[in-house]
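Undergrad: The residues making up each chain are set out below.
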Amino acid sequence: MRLSILAKGLTMGLLGLTALTGAAYAQTTVKIYMGQLYAPDSDPRSKETMDAIIADYEKLHPDTKIEPVPWLGGDQSTYFAWLSTRYAAGDEPDIGWSHYYTRNAEADRWTALNEYLDGPNDYIPTGQPGHDKWNDEFFDNVKAQIRAPDGNWYQVNTNWVETGLFINNDLMKANGIDTNWASWTDFIKSCKDLKAKGIQPLGVFATPGWSTDQWLDTLLISAAFADQIPSWHLPAYENPFMKDRQLTPEEMAKATHDGKFSTTDPRFDTFLDLTKEVTDNCLVEGFAGITSLDQIMNLFFNDKVAMAWLGTWNAPTVRDTAKFSVTTTYFPPFTNENSKYLTQPTIYRVGGPSSSGQFGISSGAADRGTLDASVDFLKFLTAPAQAQRIAGYDEGNLPVIKGVEPAEVAKGFSAISQLPERGITDAVSRYNGEQYGTPHNRLLQSFMLGEISRDEMKTQYQALLDKAVADQCEANSWDWCNQ
Amino acid sequence: MSTEFRALKRYAVPQQFALLILAALTWYPFLFLLATSVKSPNQFFENYWWFTFPFDWANYAQVWPKVSVAILNSAQYSFGTLVIVLILSLLGGYTFGRMKFPGKNVAFLCVVALLMIPGVLTLVPLFVEVKALKLLGTPWALILPFAGFEIVIGIYIMRLFFERLPGELFQAARIEGANEVQLLLFVALPLALPGLGTVAILDLLFTWNELLWPLITVGDATKMPVAVAALGFKGEHQVDYGALFAAYVSVSIPLMVIFVAVVRKFIKGIEGI
Amino acid sequence: MTSVAIEQASVSVPRSRLRLTSRWVPFLFLLPVAAELIIFRYIPTFSAFYHSLTNWDGRKKDAFIGFKNFTDLFNDNVFRDAFVNMAKYTSLRTIAVLLFAFIAAELIFSIRNERVRMFWKIAFVIPLVVPRSVIYLMWAFIYDPQVGLINEALNLIGLGAWQQPWLGQSSTALGALAFIGFPFVSSLAFLIFVASLEGLPRDIIETAQLEGCSIWKRIWNVDLPMLRGGIVFVAVLLILEGLQTTEPQLILTRGGPGTSTELPAYYLYRTAFDYGKFGQACAVGVVMLGVGLIFTAISMWLRYRSAYDVD
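The listed protein sequences correspond, in order, to chains A, B and C. Counting from 1, position 116 in the first sequence corresponds to residue 116 in the working numbering; the numbering is continuous, with no gaps. Counting from 1, position 27 in the second sequence corresponds to residue 27 in the working numbering; the numbering is continuous, with no gaps. Counting from 1, position 171 in the third sequence corresponds to residue 171 in the working numbering; the numbering is continuous, with no gaps.
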């Protein structure tokens, strides 16, 4: 004990000495991993722009060196294996790409940014949002969604993604299909017409991992439970930023705990009915045997499916590749005919902050003495002047910083982004952890394929819900848990 | 291979037709790799299965600066690993294959049991350890763990190899008064060369293509081995398959050259298994 | 090998007075091997063993929780399915690989000219350099339900009714994964078989054939027994592959449909890196090791139960 105090004292003294003697040369190195935003190999423009931004910053701060880690390649799994291992050895980057929905798997990884977000950001000109209070420069709905269950912000987002329905106009016209749908029922009817002519209607794929079926899934479940969702809101999360918002993991857990979100509720049957209807009538045959969005695009470009549900990030490829006229639109609203629990015709947008620009600061940064420099660089990076430069090459995402214009190809999504938010979010983040999302997707996939019966599906699904609540209660000890 | 071609013409037996079909199926992935590597993104979606024209050579120009560096890196890692793997496989294989000692079966089981330990299980503990040993940032962070994985199968192969050698070879040398070290160096080693060739090839295939460990341990982008370098061309949402596959082709060529050069010895060594 | 080798060997040994105590020599030789294996394999493995009894999250949380990870695992039907799948996947793949490697080896063996045989061996070995991830990406499209090569081919030859979403239904998905890499000739198994067959004395075989012994009889009575060691070796490698496989799940099926393509290594990977439950992931690894050890012991026994004496 004493020895360690002595050692500490010695170290502090030495550090002090170094600081005194080497003040002029003291350098802080901030390591930053920013995913696709710095991908020298697959996107040379990203390196060019980001190097210039970093050079500008280092000119302002000669005592700080910013060290970008290039895009690792592969997919998210690769990145998470990399990040987890580096964290285990205390060798993670100071600023990392933080996937908001994996917060659970990332316990203690990130620094709460609240106090910094409440402070000024001097890189933003006076009078513009964010100058006095950094947090003001970000879009409200984004702030609402990335807020952690404990009320903290562990990340800032410079952009996010939107999704849209891409339609092959030539194919539709040749088959006399009118795509000016007034309601979901019309949409289903078009699917039936297409199928009758031997055309596969909609390119969506379903696996237990990430797949576009989970978008569809959230639309359907939000419509089925539409009348209930507002009553599940907890005061702690009431959000000045937006009125219709996604339920937080705690709100989902409590609704489940109270038996309001349950498989015995008739709304759950509505959800399953809607799922069955769209699966049987619209989805491309073999949807569970398609493994990636690239395969969906291949089908779309080769006239094998009439429509594909894709993300903003696919828009540049569609623009450059499709040999037919493409309309980017969205699904028509659900009505009472589809779900009697809807109060008014509604369709929800599907998109979110799981995009290329989501940054967290490692909880190890404070110990390494790089926290202040990391915060300062993030402030610089998210200031509109820099964010605009990033938006120039990061075409497939929508900037979420006030005053930053999206790239041309992403502009078509602006209308979609105004649609109401889904009440119930992607299964992977519904209960704060992929360990509930994967089994959810798995059960849904089996149900859609008709490989398990409705009753069996419900039994297993309820068990999953109960487990999610038990785990979350154990981890968070919310006060309602024991009631 | 030209002599083989000539011989082939003279012996056009019906079996060769069956072999031709098998060979076509076996070579198709390689052709697919080549075809995709000269496609523009549009051509990739146009025709997945075969060559499209005109060839887009720009993919190679794009990947070469990075891939050439990675090939040199990988050569360094692979060579270092190879030396250790060959020495230790020889030692281990010879000891298990030609010597009697108490606890031999248990010791051998302890070695081969490692075959059954999944690499992902030890990924995190190994990384923590390699960092504690201050190996990060040096080639040893790859070479030593790679060797740890590869010598297991190496020892196994060399044991099988040595066991098949007739005992008289060693007895004759012993009668002449050779000690164990001399036996190893002057009798076992020359005889073991084909077996070591097999181990070497398997080891090269492993180190050359290994992805996850170097991805995690190598921090410096200029020190990346080929598999990691190639993956860098795979963006998350926008995959330029042409560039990705051009990178794969480029990194496969050195391996292929080595293969063609040593394949006859490799095949000889396998006879011992 | 040959007697020439014996002579060369005995001639090249220089005389020496130095004598090592032979009792210690095996241990001396194994010392560097042991050092490498202990540092880079055993220490991390035992660390993982320890963590299998904790709730380690790969970061700060690391409390001892007894066997909870194990009881949780055995209560998870996905985990149980993963092991059943592994047994199926490994057996399917072992049978398929052994069968095709054997057919190709026999085809080559039936050619009399040595040069021609060498040509074919080389031709089959070289494609080994193609990276595995390329193979998986390619097979994703081969199995595509709409534009896939298999379904298109079936359509072309009038068997359109046989079209399947190969990876998209539980009944075919695991088999489809096991079939990836068809015709499996570019493999170690093939080379081992060819080499073993070529070790057979040709005149004996020809005499046997002249005396009316059918090819099938020869294969059954002569060739297959010859290959026993090689078959066991290949089987061990394939079981190992079955235990370590994560790529087809990561690139293709993500374990679906349902649990039909879950395998233990992918389950481990997901538990650690997607769920952040490193303690539990370690428990998966310990169970896998237990299963692997049983297989290894059986294969060793098969290999050595009537092995020739080693001096």
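Mixed in with the good hints there might be a few duds.
What the hints assert, rightly or not - Restricting the straight-line Cα-Cα distance to at most 16 angstroms, the calculated cross-link-like pairs of lysine to aspartate or glutamate (EDC-like) are:
(1) B:K268 to C:D76
(2) A:K276 to A:D91
(3) A:K323 to B:E46
(4) A:K467 to C:E198
(5) C:K60 to A:E250
(6) B:K265 to C:E198
(7) A:K133 to A:D150
(8) B:K268 to C:E198
(9) A:K467 to A:D122
Hints listed in this document are in silico derivations from the structure and should not be mistaken for laboratory results. From a predicted model like this one, the values you see are computed outputs, not experimental measurements.
Undergrad: Of the numbered hints stated earlier in the document, which are not met by this structure?
TA: When the structure is compared with the hints, numbers 1, 2, 4, 5, 7, 9 turn out to be violated.
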